[in-house]
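**Q** Going by the working numbering, the residue at position 1 of the sequence shown is 1; the numbering climbs one at a time, nothing skipped.
Possibly wrong hints are sitting among the right ones.
Distance condition first, Cα-Cα at most 20 Å in a straight line; then the derived SDA-like pairs of lysine to any residue [unchecked claim]:
hint, residue 1, residue 2
1, 153, 209
2, 223, 107
3, 169, 48
4, 172, 149
5, 86, 2
6, 86, 6
7, 208, 194
8, 13, 264
9, 24, 76
10, 24, 169
11, 222, 153
12, 25, 69
13, 13, 84
With beta-carbon atoms standing in for the labels, derived distance ranges [to be verified]:
hint, residue 1, residue 2, range
14, 192, 36, 47 to 57 Å
15, 123, 49, 53 to 63 Å
16, 190, 13, 51 to 61 Å
17, 123, 208, 16 to 26 Å
18, 214, 254, 40 to 50 Å
These are calculated hints, taken from the structure and not from any lab test.
C-beta atoms are modelled at their ideal positions from N, C-alpha and C, and glycine is treated no differently.
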Amino acid sequence: MLDQFLQHLTVEKRLSVHTLTAYKKDLEQFAEFLEKTYNLTELSQADFRMVRGWAVSLVEAELHHRSVNRKLATLRSFYGYLLRCKVITMNPMLRVSALKTDKPLPQFVEEKSLLLLFEEMEFGADFEGLRDRLILELLYGTGMRLAELLELKDGDINFYDLTLKVLGKRSKQRVIPIYKNLADLVKSYQSLKNEQFPGTNVLILTNKGEPAYAVLIQRIVKKYLSAVTSLQKRSPHVLRHTFATHLLNNGADLNSIKDLLGHSSLAATQVYTHNSIEKLKKIFKQSHPKA
Numbered sequence: 001m002l003d004q005f006l007q008h009l010t011v012e013k014r015l016s017v018h019t020l021t022a023y024k025k026d027l028e029q030f031a032e033f034l035e036k037t038y039n040l041t042e043l044s045q046a047d048f049r050m051v052r053g054w055a056v057s058l059v060e061a062e063l064h065h066r067s068v069n070r071k072l073a074t075l076r077s078f079y080g081y082l083l084r085c086k087v088i089t090m091n092p093m094l095r096v097s098a099l100k101t102d103k104p105l106p107q108f109v110e111e112k113s114l115l116l117l118f119e120e121m122e123f124g125a126d127f128e129g130l131r132d133r134l135i136l137e138l139l140y141g142t143g144m145r146l147a148e149l150l151e152l153k154d155g156d157i158n159f160y161d162l163t164l165k166v167l168g169k170r171s172k173q174r175v176i177p178i179y180k181n182l183a184d185l186v187k188s189y190q191s192l193k194n195e196q197f198p199g200t201n202v203l204i205l206t207n208k209g210e211p212a213y214a215v216l217i218q219r220i221v222k223k224y225l226s227a228v229t230s231l232q233k234r235s236p237h238v239l240r241h242t243f244a245t246h247l248l249n250n251g252a253d254l255n256s257i258k259d260l261l262g263h264s265s266l267a268a269t270q271v272y273t274h275n276s277i278e279k280l281k282k283i284f285k286q287s288h289p290k291a
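Please model the entire structure based on the sequences and the hints provided.
**A** What follows is the structure, encoded as structure tokens:
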């Protein structure tokens, strides 16, 4: 049933390759736990006590509550599918609650730090230098997700309209405006890419001319952000948070940011207002005579 479930997620839910990999890994880990702890080889035979036992074992292994909840969400999706397919008659997840978690504010890089990165960092004029700079400029300049960056094709950039198309979650396409300097950077990079690696329409490539992969992008982002920020997290998603926070701080309305990020609801975007409120509090404390 695992293969059928993953096929269902691929065809009907249209989940990304990265999400599918995470689902598969979660279910394989749970299956391993069932076999080792309960001598059970069928996922469909698990009950809520076994699921809770797995959650407890994950917490005892010092896995963060958010990570445990993500794994439990995988099981909810899987057992919901089994119930709809009438493989099981009782969903074991109905009696399993999510763990309580703190909701930390999204981390972002200060504007002056990113300006320092783009204005003073030496990237180099070779393929690797242009590519690394383009990766950072695209992530910060558009707020796109890592998976969306990896899916970008040469034809997705419209140099006349200064826009680019991305394929987001659930295969939803959206159009994002880009600034002229970014468009010029894309042109320079494409020219060098086509010269060194002709015949491929994938935008971001490795040094060997193969389509880039997630770990490579993460490594590049961490390398350059480490030079300008002391944030604990220095990931592509931090640049997405930075994009949204900087827009909000400079007067963009929340609905526009929601559309640019590709959020399905405003609730997901409202988390960025807290960062702005914290900034206002800081200014208030520094400036008001009675603060």
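**Q** Does each hint fit the structure? Answer for all of them.
**A** Evaluated hints:
Taking the CA atoms of residue 153 and residue 209, the gap is near 14 Å; set against the 20 Å cutoff, the hint holds. Proximity of residue 223 to residue 107 is assessed by CA-CA distance (about 17 Å); at most 20 Å being required, the pair is judged to hold. At roughly 30 Å between alpha-carbon atoms, residue 169 and residue 48 are farther apart than 20 Å, so this suggested pair is violated. Restraint check: the Cα-Cα separation between residue 172 and residue 149 comes to about 14 Å, which is no more than 20 Å; the hinted pair holds.
About 15 Å separates the Cα atoms of residue 86 and residue 2, which keeps this hinted pair within 20 Å; it holds. The hinted pair formed by residue 86 and residue 6 meets the criterion: a straight-line CA distance of about 17 Å does not exceed 20 Å. Only pairs whose Cα atoms come within 20 Å are accepted, and residue 208 paired with residue 194 is accepted, the gap being roughly 13 Å. For the proposed pair residue 13 and residue 264, the alpha carbon gap of about 15 Å is at most 20 Å, so the pair holds.
Annotation: proposed proximity of residue 24 to residue 76 holds, straight-line Cα distance about 13 Å (limit 20 Å). With a CA separation close to 18 Å, the supplied pair residue 24 and residue 169 stays within the 20 Å bound. Between the alpha carbons of residue 222 and residue 153 the distance comes to roughly 24 Å, so the proposed pair goes past 20 Å and is violated. Simply put, residue 25 and residue 69 have alpha-carbon atoms about 14 Å apart, close enough for the 20 Å limit, and the pair holds.
The straight-line distance between the Cα atoms of residue 13 and residue 84 is roughly 15 Å, inside the 20 Å bound, and the hint therefore holds. Between residue 192 and residue 36 the CB atoms are about 52 Å apart, so this pair conforms to the stated range of 47 to 57 Å. The hinted range of 53 to 63 Å is satisfied by residue 123 and residue 49, whose Cβ atoms lie roughly 55 Å apart. For residue 190 and residue 13, the Cβ-Cβ distance of about 33 Å falls outside the hinted range of 51 to 61 Å, so the restraint is violated.
At roughly 19 Å, the beta carbons of residue 123 and residue 208 sit within the given window of 16 to 26 Å. The hinted window of 40 to 50 Å between residue 214 and residue 254 is violated, with their beta carbons roughly 29 Å apart.
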